[in-house]
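S.K.: Below are the chains, spelled out letter by letter.
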Amino acid sequence: MALKNDGAINYGSMPLTIAAVTYIAQNVKVNRPTFKIESRDHLNRPDGKVTDDDFVTGTATLKLGQNRVPKNGDEFLETFDSELGNEVFYITNVGQSFEQAGIRMVEVAFDKKYNT
Amino acid sequence: MPPRLSEVVPGYKEAVERELTLRETAFLCDRTVLANGLRVRQFTPTHMLQALYSESPFVMGGNVQGEHLLQFLWIIRDPTLWKDEDKQRFISAHLYLLQPAPFLEAFHAIQQYMEETFMDRPAAAEVAGEHTSYYSNVAELVDIFGHEYGWEEQYILNLPYIRLYQYLRCIIARNSLEEVSFINRFSDLAAIAWAGMQNRVGSSPASENPQPTP
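Quick mapping for you: the protein sequence lines, in order, are chains A and B. Just so you know, this note's numbering puts 25 at position 25 of the first sequence, and the rest follows in order with no gaps. Just so you know, this note's numbering puts 43 at position 43 of the second sequence, and the rest follows in order with no gaps.
Keep in mind the hints are simulated off the structure, nothing from the lab. C-beta atoms are modelled at their ideal positions from N, C-alpha and C, and glycine is treated no differently. Among these hints, one or two may not hold up.
[To be verified] Computed from the model, here is a short list of chain A residues facing chain B with C-beta under 8 Å:
{"hint": "1", "residue": "N67"}
{"hint": "2", "residue": "N72"}
{"hint": "3", "residue": "Q96"}
{"hint": "4", "residue": "F98"}
Pulled out of the complex, with its shape left as it was, chain A reads as follows (with noise of 0.2 Å):
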């Protein structure tokens, strides 16, 4: 059984390089849900289960200067957690861009990518 973290982590303000370009990242949460197998016998009583890792996927608010907003399918490498080591993401969802004076904010979605 590969259960291993089944939780949304927050990691606030951190700066995340996306497509070779820094960016400032906000409210950056990364989803590590799971998918489960059920087994019945066949009275339809539970006699077995099977929990493992499901798709990773997060969601992140990009804080940007003159940069351009990343594109779907943008890549980035990043260390959201110190026991699984180096992932890499794609964009997946570029949402509004919003701006105040000079300050852009765009909120994007992206996906762990399985082979790299």
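We have chain A already, so just place chain B on it with the hints.
M.R.: Showing chain B alone in chain A's frame:
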């Protein structure tokens, strides 16, 4: 683990402290002191309406002349020091600001005052095309605070923006299903400047196609 911004970004901790101090002291007193030493009131929607009505370049943009400076200082004057009937006396007492050096000092002090006033204002969505508003920003504020807290129009118009915008952030955060992000004017500027420097010197550790270490 990713580094803490306060540990790697020069001036970040100081900027966060400045934001906290400005936010907290705004509730202590309606008055403040400009960087050049002049005592004024904190900027309110009523001040904004007066400045807009008198076409002040401090709110509308454009070149600032001596008369604009005195006009703006009169609008934000401390009413406990200068009554409505003191306008001529006020102008006479501040004519020295028309000299080049005091003028520049006062100009920068007002710019800083305005930057601090609006540091917590909501960020605007970046959308293509031209958009015209259907009502004034002041009407929007009165609507929000009237609806949320039941405050009267005149009470809202005379509350400093620096306090109104903090309440507004609380309202947005409370009404949002998910955690919301805001722009922290001074600390985000410091962090973004640092990130920009990292990008310019090309010292970012990741490449275009990062690979995890085995």
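S.K.: Check the structure against each numbered hint from earlier and tell me which ones fail, lowest number first.
M.R.: Hint 2 contradicted; others consistent.
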